[in-house]
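The listed protein sequences derive, respectively, from chains L and F.
Anchor point for the first sequence: position 179 equals 179 in my numbering, and the numbering is continuous, going up by one each time.
Numbers given in my numbering equal positions in the second sequence, counted from 1, plus 596.
Incorrect hints may have been included.
What follows is a list of derived Cβ distance ranges for each label pair [unchecked claim]:
no., chain 1, residue 1, chain 2, residue 2, range
1, L, Trp344, F, Asp658, 46 to 54 Å
2, F, Pro675, L, Ser533, 22 to 30 Å
3, F, Glu650, L, Gln226, 33 to 41 Å
To be clear about the criterion: a stretch of chain L counts as covered by chain F if any three or more of its residues have a C-beta under 8 Å from a C-beta of chain F, and this derived list gives those stretches [what the hints assert, rightly or not]:
no., stretch
4, 114 to 121
5, 173 to 186
6, 488 to 498
7, 567 to 577
Bear in mind the hints are in silico, worked out from the structure with no lab data behind them.
C-beta atoms are modelled at their ideal positions from N, C-alpha and C, and glycine is treated no differently.
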Amino acid sequence: MRTPLRPLARILQARAEGANPDLIERENLNHRHQAMQERTHSRAAARLGLMSACFAAFFVLIGVRMGHLAASEPVEPVASAPGAEIVAQRADIVDRNGRILATNMTTHALYAHPADMVDPKGTAQALAAIFPDLDAAALERRFTDGRRFVWIRKVMSPEQMQKVHEIGDPGLLFGPREMRLYPNGTLLAHVLGGYSFGAEGVHSAEVIGTAGIEKAMDARLRDPAQGGEPLQLSIDLTVQATVEEVLQAGISALNAKGGAAIIMDVNTGEILAMASAPTFDPNDRPVPLVSKDAEPSDSPLFNRAVQGVYELGSTFKIFAVAQAMELGLVNPDTMVDANAPMIWGKHRIKEFEGHNYGPLLAVRDVIAKSSNVGTAHIALMIGGLRQQAFLKSMGFFEPTPLELVEAPGAKPLIPKKWPDIVTITTSYGHGMSASPMHLAAAYAAIGNGGIYVKPTLLKQTGPAKGTRVLSEKVAEDSVEMMRGVVTRGTASLAEVPGYEVAGKTGTADKPKRTGGYYKDKVINTFASVYPASDPRYVVLVTLDEPVDTTGPKPKRTAGWTSVPVAAEIIRRTAPILGIRPKVELPDQTTLTAAGN
Amino acid sequence: MRPVLYVLTFLGLIALGFWAYRENYATQATLREVRGLQQEIANLREALSVQRAEWAYLNRPDRLRDLAGLNFDRLGLLPMEPGQFGTAAQVVFPVPEIPAITGPIDTMGGVVAVEDTFADQIEAIVASAAEEGL
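Pulled out of the complex, with its shape left as it was, chain F reads as follows (with noise of 0.2 Å):
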């Protein structure tokens, strides 16, 4: 029995060190690989703040100022005005849709006719008072 065990725990000992060996490779091989992603972050990062600078240095106030008058022609732009304040109630309602005009439309002496009105009904209804002496 106890051969055996002995034999067993040899190969169990390769088997551990080659586990180790190869761990070891690959472990390196990942810190490699980390290193070259951190430098390339790092290189990002880098390119990243000089794009910042640049965007800042070419969006600098009186470069734009200047821009703004060499465009003028196209652009027409300048500075802000307390004029330009509005208030809600200055925009428009949308301009409400006619529907496209497919038929005649009946009208008289150019008024749209219209029924029996409120204000007809309640002239009837003096007048027939009236006649009736009230």
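Chain L on its own, in the form it takes in the complex (with noise of 0.2 Å):
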């Protein structure tokens, strides 16, 4: 009940007292404020109480359904539209027509809850008898010795999976797994690379690359964004059967240890193969060798395209030459000294087998000849600083930018100071080493008009930019002048009628690993470009100790082993590139005989 602020019987009582009834009121009014203070408060009290149960409940709710999530299977929105799924888990590789190089295929994996088993020794024996490379004793062991699940196999074929089946056990189960397949085998073995499987779990398991391509590029493929967007190589499936199988026979006739083949576009900068003898086949790659005397170059998995960082020999002599050309220092007619042997220092520089094509030699010749002193002395004209700068413009200096994970470890060989007979070997070849992906990145550039284009191994849509590092007039000398190298030089047999080859030979000896060089083993090189009118393709043979044994006395220079195989390459490939050959017609207006 409200209270009045003046009673009137206090205030009567008061007044009669002679006490302020002003006083009274102001009383009864702090207790009104006292009252209404205290009920705004629990009132406060009462929506705070409310608020925080709110958010309470909240928290709760949230924390909640994240514990479920969390803990749950994920599981596809089922109701969302259809085709958004990924379709697999890594991207395929095609080439550059869209046949398949690499693509997945869903397998099953085999596990174990020995547990459940029923005849753990049975199992363990049947097992090994399925997969001869599992051990029964060693499986039986772990099938018994307490453990609760076991890892039995990664894939398996679908009649192995059919066999285990077979055995009836409860305790063995399957899990599904996506495999790489390699459909084609050991063809492009090195670009590709091979896979393994990442964090493994029942359901699923990861596939990531481990080599080449698949580890270069392994963000792409897996790259959900890009699931269903198959990776396109430049390469041609066709063309690099062939340059394989060409390049296999080269090495078995010419009993070498191994060798390396390529073909570039010059324009664009794409590899449209590239080989690598021996190869192995990525369905199952081969362990990497261990052992800490053996030469990496021994493994079927040594990239040689790539990773053979080797002396090139003579087919650095066009370089010396084209860039004295450019700084017009000679053209292809200047008289230069080629008197052999040249001293220089305590190094007395020879021409191949103690030839002397001096004193004077044409600059055109001293390439047709591969003369060892007349390049030494354009290199000298040209200097050791403007020679390692041009290198460098060539990309000699940089591992290759290629997309493979070998590449950026392939480092050319490069020596440390550059003193003048560094200059003097460098411009034939030797004291320093480079990979044949350089030579053939290099040869583009002098193919395709003295523009420097980067390798690469992903399909291109239109003529790559680059750097010019040669003009337009030096690049064309350049290349006649290694057509005279196959029309009246060291490289004859490289003659294919029709396809006007313009190449340079290189014969390097092969460096010991105590130092030194051995006296018959060599690497021969041969690195061209044709049609030599209008160059559209490198082609660049490489092999590791060839030697021809057909004549009397066995032959290892590069124009009886890398050059008829180049040769070949060009005659089978050129017509599936779709180069049409230039046919020498007969003169139309030569009067033929006839009778009346």
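With the hints as a guide, bring both chains together as one complex.
See the structure below:
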């Protein structure tokens, strides 16, 4: 009940007593205010309580939901539009025409719950009979030593799976697996690399690339945003198969230890074929050599085209000559000193088999006859600094930017100091080492009119942008000189009628691991561009320790080993690449005899 | 008036409940169907990828090369050669069709008789000019 502020009885009483009646009013007002305050306070407290209860309820709700999400198996939203689901966990790899190089296949992994097993011993023996690489005794031990989970196989064929089903033991279980399949077998093995499983679970396992483009492009291949898009390479499968066939035939005919071949488009930098022998099967990738004495190149996993960093020999001569022409020091007809042997300090620079092409030799003949002394004199005209800068612009000082995981590791071996003797030896390809891929990219720069384009394994849509390293005229003259090597020089076996092959041979002695060089072990290289009138492709062949024993004396020069192999590659692949041979037609105006 | 409104609202509520019940079951049935279809799509996709892998495996170049060698007698396939390129000029024109000969043809000494040709007319003009002494 509301108390009046000035209750009449008390006021009258106060007045009678002579006290101030206002005090009563103030006292009552105070009481009333206090009561109001209490009411508001309790209401606020109730509201705050309700609010925190709501917050707590929400927190509990969210917490329970999160816990549920974390603990439950992920499920795709069923009601969402179909087609959005990831088709495969790893994208396919296809060649430039869309033929499959690597794809996925569903298979099964085998694991066991030994606690559920009826007959561990019998099961172990039955499994060992199905999978010859399993050991029955070891398997039985693992089944019976009290563990609750055992992995048995990562992948298996449907036939093997059926046989395991037929064992019929409830402790054997299958988990779905997506595995990588390379349907072409050993073809393109070094580019593709291989795969293995990453994190493994019962229901799925990560597929990760272990080498080659599978590892270099791993993030792209596993990107769910591009899951359906296959990775298209610049490789042409038919050309690749032909190159591998010819290279293998050449290696067996010449008793070589190994070899590599590259076909590269000079304008786009696309690699159309890249082979390295011996090769391996990426479906069943062999284990790398671990022995310390083993040369890395002894392993079939070694990609000679990219990782084979060797002195490339006389194939380098064209760079010295091209640079000298670019600098205006010489032209193809300038006579240079080629008097062998050349004495430089305590070094004697000799020609092959002690020839002497001097005293003077035209620059074009320096290339055609492959004169070390002539090239050395040209290199001295250029000087070490300019020579280094030029080789750097040709990409010889950096690893190749190829999309292979092995590429960045294959650094060219560059001498630390660059005295004149290094200038001389580098001009004919000794002293510094690079991979065949480096050489192919540099020859492409000469072939396409003087623009260095980066080699790539991915399909390009148009000519690549590059940096100009040579003028068009110099590049043209250089190709013409290399054509001379084939028509009247050291690579006469490279003549393929109609295809105007232009190239340069190179023979380099193999370095011993202990220092010095082997007398009778060589690396032969033939680097070429064709057709000379408008170069389209670089063809490069390198053979490791080849020897031609058809004659009375074993021949180990590139002219007898790499050159015929390269010629056969051009003869076989040029028609596949759609290059029409230039036919030397008989003169139209010639009179022909006719009877009357 | 008010009781009628109550009754109508109640009936409406029952109708809505019935509708929601049916929709719920229809949705669940559709979701089940979608799940089945997606399973089927996934199976078909998997089968497709297996078949594409199979195709690639059966068409791998070394197998084709071996098959071409084995069946050389029937197919006669050889690697492509540079000499197999041709030009458009090497393609023969279609042979003109000769109509069937149904009646006899007039010939003189083996040559089909020809009426006055242009050359004959020129010759005649030249001859007449010479007669006139020009």
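To see whether the hints hold, each was checked on the structure:
1. L:Trp344 to F:Asp658: 46 to 54 Å: For Trp344 (chain L) and Asp658 (chain F) the Cβ distance comes to about 51 Å; the hint holds.
2. F:Pro675 to L:Ser533: 22 to 30 Å: For Ser533 (chain L) against Pro675 (chain F), whose Cβ atoms are near 25 Å apart, the range 22 to 30 Å holds.
3. F:Glu650 to L:Gln226: 33 to 41 Å: Because 25 Å falls outside the window, the suggested range is violated.
4. 114 to 121: Answer violated; 0 residues pass the 8 Å Cβ test.
5. 173 to 186: Since 4 is at least three, the answer is holds.
6. 488 to 498: holds (count 3)
7. 567 to 577: Holds: 5 residues of the stretch 567 to 577 of chain L have a Cβ under 8 Å from chain F.
Hint violations for this structure: numbers 3, 4, all remaining hints satisfied.
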